[in-house]
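Chemist: Sequence:
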Amino acid sequence: MPTALRDILPGTRRLARQAGLLLGVSVLIGAFLFHVWTGLGQLPERWPTLLWNVYFSFIYAVFIVTSIRATMTVLEARVPLRSRRAVALHVGVLSVATVTAYGLATGFCKVLHGSSFSVRWQVLVVTATVTFMVTLVWSAFAYMNSFYQKLREAEAARYEARLSALRAQINPHFLFNAFNSIAALVRTRPGEAEAVVEDLSDLFRYALRASKDGGTATLGDELEAACRYLSVEKARYRGRLTVEIRVPEQLRPLPIPSMTLQPLVENAVQHGVGETQGDCTVSVTAERADGTLLLRVLDTGPGFDSTDLGDMLGEGSGLANVRERLELFFGEAAQMRLLPQGIELQIPLRGTAETRPRSAVEEHAFGSDEHAFGMTEAE
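Here the sequence shown is numbered in the UniProt record's numbering, starting from 1 and rising by one per residue.
FYI, nobody ran anything at the bench for these hints, they're computed from the structure.
Take the hints with a grain of salt, since some may be wrong.
Stated by the list, open to error - Computed beta-carbon distance windows for the label pairs:
#1 L151 x S201: 41 to 51 Å
#2 R187 x P302: 27 to 37 Å
#3 R238 x E344: 21 to 31 Å
#4 N145 x G331: 25 to 35 Å
#5 P302 x L151: 44 to 54 Å
#6 V137 x P253: 33 to 43 Å
Every residue gets a Cβ at the ideal spot worked out from N, C-alpha and C, and that includes glycine.
Could you build the full structure based on these sequences and the hints that come with them?
Modeler: What follows is the structure, encoded as structure tokens:
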């Protein structure tokens, strides 16, 4: 049995049982009224007519409501209101079903009460017209509701899909180079190789958690992930890379989208130490201004040839992903600017700052003696 038919049958059977029960009640009410009819002679003449009108209205309501509900059950399962053609089909079928139900109700009443029961054709025309108009208005509202619901669902699905695709995208070239560095260190400095493996593992663990959570992290968490990344890169560049962190302690609890800082740091390493033969310094600074967080990642490399951010975004997906994720989170309130020596982010603040001591991860990344490790943090 087709799946759609299996979905329809339970509702149709339930409606049939309800309709049968109501029709049985109608027969009993009719029999009761027939026997009571003669006892109303002493009452005003309009009373019998009024009672019969109520009775017949009940029968018509049973037929029409049951017909509409059964038709809607089938139509919604087979032809959802997702197009103008579907709306037209719903209006036409429901109108025909209602008029048919009206005719069936008339026939039922004639069977119960003889051929003397009749309905004027004008009543049938009025019923069909009113039914068509009501069905048209209802279908239009149902279509609008379905359209906007589908639009919201599609927007939510597209948002989640884009966010999932943009989260935690670590450059595969970085992984390739990290493994090469580890392979070289294993033979000469196994202790340092072990530390690099731990940093790499922690970095990917953070990226995996960010890809699952999909929300925000604190600036301090992002600094930890960036420090892990820089520790791995330092093993690769053998002392040519120096890092400066200028992030006040009170700003580190501020929430920002996860996996925002690491792509910026990666970009600075690639365009800084990666494009020069000498030493290079990568600096990360943050400050609070006018309800926003200004986050800058700069390097002392050759700089950028163009200040056009569009050209820069075309060179790789890292910065483009960051900008798109900021747009998804904050819209136009968040900004990314290309500076001569790096990138600046302007992120709207959501939350209050608190003071937090430096984490063990950051201590590990910098070492107890920061100058000996090759990274300096300016106050």
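Chemist: Output the numbers, in ascending order, of every earlier hint that fails for this structure.
Modeler: 6
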